[in-house]
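Q: Throw the hints in and build the complete structure from the sequences for me.
Chains as they are written, first to last, in the numbering used here: chain A, 1 to 74; chain B, 75 to 148; chain C, 149 to 222; chain D, 223 to 296; chain E, 297 to 370; chain F, 371 to 444; chain G, 445 to 518.
Source of the hints: derived by calculation from the structure; they are not laboratory data.
Note that the structure is a prediction, hence the values are computed from the model and not measured.
One thing to keep in mind: the hints can contain errors.
[Stated by the list, open to error] Label-pair restraints from in silico Cβ distances:
(1) G98/B x N51/A: 33 to 41 angstroms
(2) T165/C x N237/D: 25 to 33 angstroms
(3) E266/D x S86/B: 49 to 57 angstroms
(4) G98/B x L236/D: 44 to 52 angstroms
[Said to hold, decoys possible] Computed footprint of chain G on chain F, listed as stretches where at least three residues anywhere in the stretch have a Cβ under 8 angstroms from a Cβ of chain G:
(5) 381–395
(6) 407–414
(7) 426–432
Even for Gly, the Cβ is constructed at its ideal location relative to N, Cα and C.
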Amino acid sequence: MPERRPFDVLNSSLNNTVIIGMKGGAEFRGVMVAYDVHMNIVLEKAEQLVNGEVKRGVGTVLLRGDSVTFISPA
Amino acid sequence: MPERRPFDVLNSSLNNTVIIGMKGGAEFRGVMVAYDVHMNIVLEKAEQLVNGEVKRGVGTVLLRGDSVTFISPA
Amino acid sequence: MPERRPFDVLNSSLNNTVIIGMKGGAEFRGVMVAYDVHMNIVLEKAEQLVNGEVKRGVGTVLLRGDSVTFISPA
Amino acid sequence: MPERRPFDVLNSSLNNTVIIGMKGGAEFRGVMVAYDVHMNIVLEKAEQLVNGEVKRGVGTVLLRGDSVTFISPA
Amino acid sequence: MPERRPFDVLNSSLNNTVIIGMKGGAEFRGVMVAYDVHMNIVLEKAEQLVNGEVKRGVGTVLLRGDSVTFISPA
Amino acid sequence: MPERRPFDVLNSSLNNTVIIGMKGGAEFRGVMVAYDVHMNIVLEKAEQLVNGEVKRGVGTVLLRGDSVTFISPA
Amino acid sequence: MPERRPFDVLNSSLNNTVIIGMKGGAEFRGVMVAYDVHMNIVLEKAEQLVNGEVKRGVGTVLLRGDSVTFISPA
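A: Given below as structure tokens:
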């Protein structure tokens, strides 16, 4: 196992803007304020994106880890 | 792990209006009156939305956590 | 955790008419006479609905919890 | 929990004709001669249905519980 | 529980020709020479079928139980 | 349980060319040099196939067992 | 079990460029800097590919193992 672990990305992204990919292709962009071991994630000031375009603002949103495909610091 | 946890969003949303995203793309909007660790959720005064439009009122509805993708305070 | 629990909806709906949403979009409407912790559900006098229209009567039907997405008292 | 349990439907349907719904929409109709706790089911004199029409006879068939969505006495 | 069990079909089909349905709709036909509790199955002299037509011969093939939907003696 | 076991196919295919079917329909062909109990598989000199046509060479590839549907010695 | 194990590919690819296939067909290419037993993977200098074409640069990205289908050293 490598010394760096995947969850380090989550920890270092706390309070920063991230893009979250979801199963089915939708994406959310917002400030990550909480996560847990299941990759359940809370974003604030969040927007839902479809094909890279902002579809709507959603404010605070809890994303269920089971539906998350990727997490990328913006 | 951060001090704020994803389930805090659920707890703080009790008795408030939320929007729930479901696998397949449907959404429900209503007052969240119950949830559990599986993210099974009960809404009252709920409406089912398709493409952001109200499809129908459903009154009380129990959403199975396995099908939930996101939860957002309205 | 809130005092009201999601399964309360199931218990209070026993012997009443409910609408059950299934993965893939089909729905069943009938009198709920049994359920278990997996959300396996038995309806009697049941009808299968497609796009809100009655497709056919199915009498008694056991719905596998894994395929259930929502349960709503009718 | 209610006194009647979902698996009662399976037990009372033994040696009777049932219709089984499968993920993806296919259905099988036949005489149920065996089942287990995973809802693996064996039908005899079975037919595969597509859109309610008989597609072909399949004789004996073991249906994997993971793919079963509903079971209804015919 | 009934006296006959679903896995009896597997055992009695050993060294006989079976048709296996897979998630997504493909099918394989061949002589079943091995299986396990996960319904992983090995066929010999196997053919892959699409819409009931032979698509190609595949000789020996190990089918992963997770993708199997039904098993029927041919 | 039969004396022959599904994993025998994996073991006897080590260092031989196999075709691997993946969920969604893609296939890989290459020399199998490693596998584990989850059916995670490593191919070398591998090619990705779409509709039976070589789409591209991929050299070494680790296939995640969860996405594997079948394994066939070429 | 063979002496070579699938995770050897991950370990030997650390700090090298890899292509990751995802459920649904998207791919990511980048330098793998971390992974864990769930095949959660972190890429740096990553690009998202669609049909083999670079769709966009994503910098650092954490890919959830559950959505990974294959990993190939580039």
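Q: Confirm or reject the claim that G98/B and L236/D have a C-beta distance inside 44 to 52 angstroms.
A: violated (34 angstroms)
Q: Take a look at whether the Cβ-Cβ distance between E266/D and S86/B falls inside 49 to 57 angstroms.
A: For S86/B against E266/D, whose Cβ atoms are near 55 angstroms apart, the range 49 to 57 angstroms holds.
Q: Are 3 or more residues of the region 407–414 of chain F near chain G, judged by a Cβ distance of less than 8 angstroms?
A: Per the Cβ count (4), the hint holds.
Q: Within 25 to 33 angstroms or not, the Cβ separation of T165/C and N237/D?
A: Holds, at about 30 angstroms.
Q: With a cut-off of 8 angstroms between beta carbons, are at least three residues of the region 381–395 of chain F near chain G?
A: holds (count 5)
Q: With a C-beta cutoff of 8 angstroms, work out whether three or more residues of the region 426–432 of chain F approach chain G closely enough for the coverage to hold.
A: holds (count 6)
Q: Between the beta carbons of G98/B and N51/A, is the distance compatible with 33 to 41 angstroms?
A: violated (18 angstroms)
The structure does not agree with the numbered hints 1 and 4 stated previously, though it agrees with the rest.
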